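Chemist: Mapping of the sequence shown onto the UniProt record's numbering: position 92 corresponds to residue 92, and the numbering continues sequentially without gaps.
A hint or two may mislead.
[Stated by the list, open to error] No farther apart than 27 Å at their CA atoms in a straight line, the calculated lysine-lysine pairs in the DSSO-like style are these: (1) K17 x K69; (2) K42 x K69; (3) K102 x K138.
For the record, the hints were derived by calculation from the structure and aren't laboratory data.
Bear in mind that the values here come from a model prediction, so they are computed numbers and not experimental data.
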Amino acid sequence: MPNEGNYDELYMKLLDKAYTLITPRIQRRQEIPRLSIQVQPKKTIIQNFRDVAQRLNRDPTHIARFFLKELALPGNIEGNALVLYAERSPRTLEAVYERYIKFYVECPVCHSIDTYLEREGRIYVLVCTACGARTPRKSIS
């Protein structure tokens, strides 16, 4: 076999190049912000709500409507926080948040969170900036 050392060197260079391309995607997925939840008597507050919406590149009112509908609770956005007028466990809110991310943020093709929502009539289209996929999503009633 001619010059096996060159093949090993080339293989290592290509492997390093692949890792430099893949690692940023993995890091972006880990950049999904955590919710800062405070449970008080008769209300629950997501303190970093607007910051989360900004990082996910979403309108805070869209996320708030999703939360309020999924939890069947009254609430509103006050400053940087979403105030829900009932006590809910952080685990319940995290589950709703994960559903929102899965349906309205994460690209179903490449699983990137670098997406945005485009409104086309009555539906939303999830557009991925990483792979260019366009996925229709129903609007929140």
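Chemist: Now tell me, hint by hint, if it's right for this structure.
Modeler: Hint-by-hint comparison with the structure:
no.	hint	result
1	K17 x K69	violated (45 Å)
2	K42 x K69	holds (18 Å)
3	K102 x K138	holds (13 Å)
Hint check: a violation occurs at hint 1 only; the rest are consistent with the structure.
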